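Enquirer: If you're matching them up, the sequences are chains A and B in order. Start counting the first sequence at 1; every next residue gets the next number (my numbering). Start counting the second sequence at 1; every next residue gets the next number (my numbering).
Treat the hints as calculated values from the structure; they're not laboratory data. Any given hint might turn out to be false.
[Unchecked claim] No farther apart than 27 Å at their CA atoms in a straight line, the calculated lysine-lysine pairs in the DSSO-like style are these: (1) Lys33(B) with Lys223(B); (2) Lys168(A) with Lys22(B); (3) Lys197(A) with Lys33(B); (4) Lys252(B) with Lys223(B); (5) Lys90(A) with Lys181(B).
[Claimed, not checked] Distance windows between CB atoms, simulated: (6) Tyr91(B) with Ser38(A): 46 to 52 Å; (7) Val198(B) with Ser212(A): 56 to 62 Å; (8) Tyr91(B) with Gly232(A): 43 to 49 Å; (9) Lys22(B) with Ala230(A): 32 to 38 Å; (10) Glu290(A) with Tyr91(B): 36 to 42 Å; (11) Thr297(B) with Gly232(A): 42 to 48 Å.
[As the list claims (entries may be wrong)] Some chain B residues well away from chain A (every beta-carbon gap over 12 Å; in silico): (12) Gly49; (13) Asn61; (14) Met75; (15) Asn96; (16) Ile123; (17) Val199; (18) Arg200; (19) Ala245; (20) Asp296; (21) Glu306; (22) Arg323.
This structure is a prediction, so every number in the text was calculated from the model and none was measured. We put the CB at the ideal spot given by N, CA and C, even for glycine.
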Amino acid sequence: MDMIPEKPATFRPGEPAKVIRVLSDDGTLDPRHDPGLSDAEVLDIYRWMVTTRQLDERLVALQRQGRIGFHVGSLGEEAAIIGSAFAMRKSDWLFPCYREFGAALMRGFPLQKFVDNMFGNANDTVLGRQMPDHYTCREVGWCSISSPVGTQITQAVGFSWGAKIDGKDVASLVYFGDGATSSTDFHSGMNFAGVFKVPVVFFCRNNGWAISVPVERQTATRTFAEKAAAYGIPGVRVDGNDLFAVVSVVREAVRRGEQGLGPTLIEAITYRMGGHSTSDDPNRYRATDELKPWADRDPLERGRLYLERRKLWDDRKELALIADIDQRFRAAVAVSEKTPPPPLESMFEDVYEKPPWHLQEERAELLRGPRAPSPHS
Amino acid sequence: MSQMNMVQAINEALRSSMRRDKRVVVLGEDVGKVGGVFRVTAGLSEEFGEERVIDTPLSENGIVGCAVGMALYGMVPVVEIQFADFIWPAYDQIVNELAKYRYRSGGEYPAKLVIRTPVGGGIRGGHYHSQHPEAAFIHVAGLKIVCPSNPYDAKGLLLASIQDPDPVLFFEPKRVYRAAKGEVPENDYIVPLESAKVVRAGRHVTVLAYGAMLYEALDAAAKASEKGVEAEVIDLRTLWPVDIATIVTSVKHTGRLVVVHEAARTCGFGAELVTLVVERCFYHLEAPPVRVTGFDTPFPYSLEMEYMPLSHRILPALLDSARS
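Please work from the sequences and hints to get the whole structure.
Expert: Take a look at the structure:
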């Protein structure tokens, strides 16, 4: 008896129960983990956070108007998403879940292309083959998006592992939610990355919910960060609504990779303020008063408080930024809506590099056959 | 030219691919020091090092998921799944990820890799070392499926598979890994994908077979010949996309079709082959097409020789078809 401790062992290295936080409620920074961002850098991050939220609101409106089919938003998670992507080097690669469009735009994915994807038109980089928010942009180190959760985790590991074999220093940052920590790929990816010391930043957006399933139903561990212990890698918890803390922690994870120390698991604690997607109604499974404490910790308001204290931001600038986003978004939507759907033939391209005989036959069958009454009717 | 078995021929193809192209890496369970449980990767670790011949943790999902990531980077991974029966944890990565990457990314991310895996029964392997699961992969858009029957084709087809721009599943018939011997050139050469081979000419009935069952079909054809029935035996070599032209030419000539495969019958590859032939050759057919296949049961251990579509079951199908 007494061989098995009554409580699960707590994870000592890195003390995952502790949450790294830099930006305090009064808008000042804790110097211990201050990433030392310049004013211009903070402004850049803040603008992208605002841009993300503004686009989210407009895309939901477009969906409600029936002009696009779907949107999966990031309301409340902007600091986790933008801060983490900001901390990665240009030569690094990002493996998205599906809730990080703001990061793609910040990396250089053109707004027009993003909106084209929302409409699935002929100019969509993925030619309307996937749902909205499943775009890709190789040019800016942004991988293709899959709806099943977790599958990108092992791929991110393989990507940087391939680079390592090739003698290149390429870190991958892989986004996933708390729900994906239950997936096979989370376990496999963490395990492989640990064994082969692959420079991967496992970035778990713990936003409290996987559609309607709360974190208590994903795991019996106290934290997601402590799961790292099982793979012999460090895990750390960070305030995901604190852009400074997110930048600091991700930068340190990248440095560890650079030094050959391998992967890091980051649990960014945040909250999904909206539904899972436009198809979801969160009122069916959570009370609105649960949002209150998180609304008080809104990542945009916290960022703005910092900027205002330093006299870097005010209402006039905010309104000008929003007006600019609105104008650019409207212009992009106008173009996307006028762009025709992808050509029929495109259905058969890219299945293989060249269509084999059976796809050539099927393409001919489609082209000579009757047309569907109207798309998505 | 030298006499080789399939294990040696596949090993040669891997070795020369790795010598020619630094992007080629081999990964799987036990592929390193021990050279794989069938020794197909023997000696590669010594020549190319642990970084390119990688003994992985025991997770097919992890192996294929990581290999997909390597392919996205630009490496050319050649994965070994120890037995095809163990491939299912990787099915999601193969079906939803690997097969769809080029398409779903608008061509930005072709994920090129090869998955090699031993298939088939007749080795006293029981349920979990004997399955022949091609149909579950042929059904998936975006994959190419290869199954050689002899050392010459194995080397040429594997070299072609590694150079091909699309993901390839390379099924190795383990029953004839060492039994099938033949002359194999030392130089590299390609056996083109999508090319079937007529290995025995005949005018009465066409037999489609592949992998280890090719030899059973040939044995049955020889016995049928003694009874005056001349079977034309076609080794499909690439299962998908299949060489439909060679099949159609033959069936239009013979008017009869027998399809042989080890896998279970229902929704097996034979169902597709028969349909393709009926759609194209209906008015040339003199008899109903016949499938000689494994049964719709799990693969049995003690009764495996009764389960498999061996020569003794193919022969009556040939004779009945030719005489009907």
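Enquirer: Hint by hint, where does the structure go against what was stated? Just the numbers, ascending.
Expert: 1, 5, 8, 12, 13, 14, 15 and 19
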